[in-house]
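For the sequence shown, this note's numbering assigns the number 297 to the last residue and increments by one with no breaks.
Bear in mind the hints are in silico, worked out from the structure with no lab data behind them. Check each hint, because a few of them may be wrong.
[As the list claims (entries may be wrong)] Cross-link-like lysine to any residue pairs, in silico, SDA-like; alpha carbons within 25 Å at most:
1) K217 to I72
2) K156 to D134
3) K179 to I72
4) K256 to K156
5) K217 to H108
6) K192 to L246
7) K291 to S247
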Amino acid sequence: MKVLISGAGGMLARAFLNKIPTGWEVWAAGKNELDITNEQEVRNAVGKFSPKIILNCAAFTRVDECEEKRDFAFAVNCRGAGYLAEAAHQWGAYLVHFSTDYIFDGTGQTPYYEDSPANPLSVYGVSKWEGECLVRKYLQNYLLIRTQWLYGQGGNHFVKTILKLAEKQSVLKVVDDQIGSPTWTEDLSEATLRLIEKRATGEYHLVNEGHCSWYQFSTRIVEEAGLSTKVIPCSTKEFPRPARRPAYSVLSTNKAKSELGWELPNWETALKRFMRAV
Numbered sequence: 020m021k022v023l024i025s026g027a028g029g030m031l032a033r034a035f036l037n038k039i040p041t042g043w044e045v046w047a048a049g050k051n052e053l054d055i056t057n058e059q060e061v062r063n064a065v066g067k068f069s070p071k072i073i074l075n076c077a078a079f080t081r082v083d084e085c086e087e088k089r090d091f092a093f094a095v096n097c098r099g100a101g102y103l104a105e106a107a108h109q110w111g112a113y114l115v116h117f118s119t120d121y122i123f124d125g126t127g128q129t130p131y132y133e134d135s136p137a138n139p140l141s142v143y144g145v146s147k148w149e150g151e152c153l154v155r156k157y158l159q160n161y162l163l164i165r166t167q168w169l170y171g172q173g174g175n176h177f178v179k180t181i182l183k184l185a186e187k188q189s190v191l192k193v194v195d196d197q198i199g200s201p202t203w204t205e206d207l208s209e210a211t212l213r214l215i216e217k218r219a220t221g222e223y224h225l226v227n228e229g230h231c232s233w234y235q236f237s238t239r240i241v242e243e244a245g246l247s248t249k250v251i252p253c254s255t256k257e258f259p260r261p262a263r264r265p266a267y268s269v270l271s272t273n274k275a276k277s278e279l280g281w282e283l284p285n286w287e288t289a290l291k292r293f294m295r296a297v
């Protein structure tokens, strides 16, 4: 089984590389080896390697930077996804693409389903939504995973940021009015591979079970690290950022649980395992 993984330098791709089944022939391509914003380069690469599966782990996820670097955000998150989808269609590959809770506006108080209406609030959210649309335009043989609040080995993420700040500061203020599900890349990759084994197609939400605010997440991170830093809740208005965030973007995983007969561990359990691993 030939598998092409784009965005090989990121933490999601690294998680997959730790779990790829024995016998799979993998080309893990970083941005210097495969620039997904270059249409011809994508076509040539897919045509030459002839993968049966393409895992698109490439994305521009720095949400606030996307507001300033709109063209680059759309080049990677939208057009890049489209080029991979076109190439997958041309060469008969199964595309696995990752999207985000930021395609939703977060104005409700109930979890979002796979077919819930999209209404992104930020450049990042719009670029990811339009990337989804291109995948659906060119392919039927695709698996589209929406996830959120990722952390894992390598790369920059919220857990690493909080740990660094907590080691230097005695008090941290963290927003308490944005709700989601922290998700460990190791668990996400495991669940995704289970869906791949079933050749599932269409949209699925995959996150660690349960939900919390960024403040609650930060409190658990500090506790698990055995630090004495005090974490204080604040509102989004007190901590303004360039990009608007959804207030409540919890994703329902009922569809994936029904398909797999299995669910990702609770987010607190996952965090404990991650902290032990690092």
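Hint check results:
no., hint, in the structure
1, K217 to I72, "holds (13 Å)"
2, K156 to D134, "holds (16 Å)"
3, K179 to I72, "violated (31 Å)"
4, K256 to K156, "violated (38 Å)"
5, K217 to H108, "holds (20 Å)"
6, K192 to L246, "holds (15 Å)"
7, K291 to S247, "holds (17 Å)"
Hint compliance for this structure: hints 3, 4 are not met, and every other hint is.
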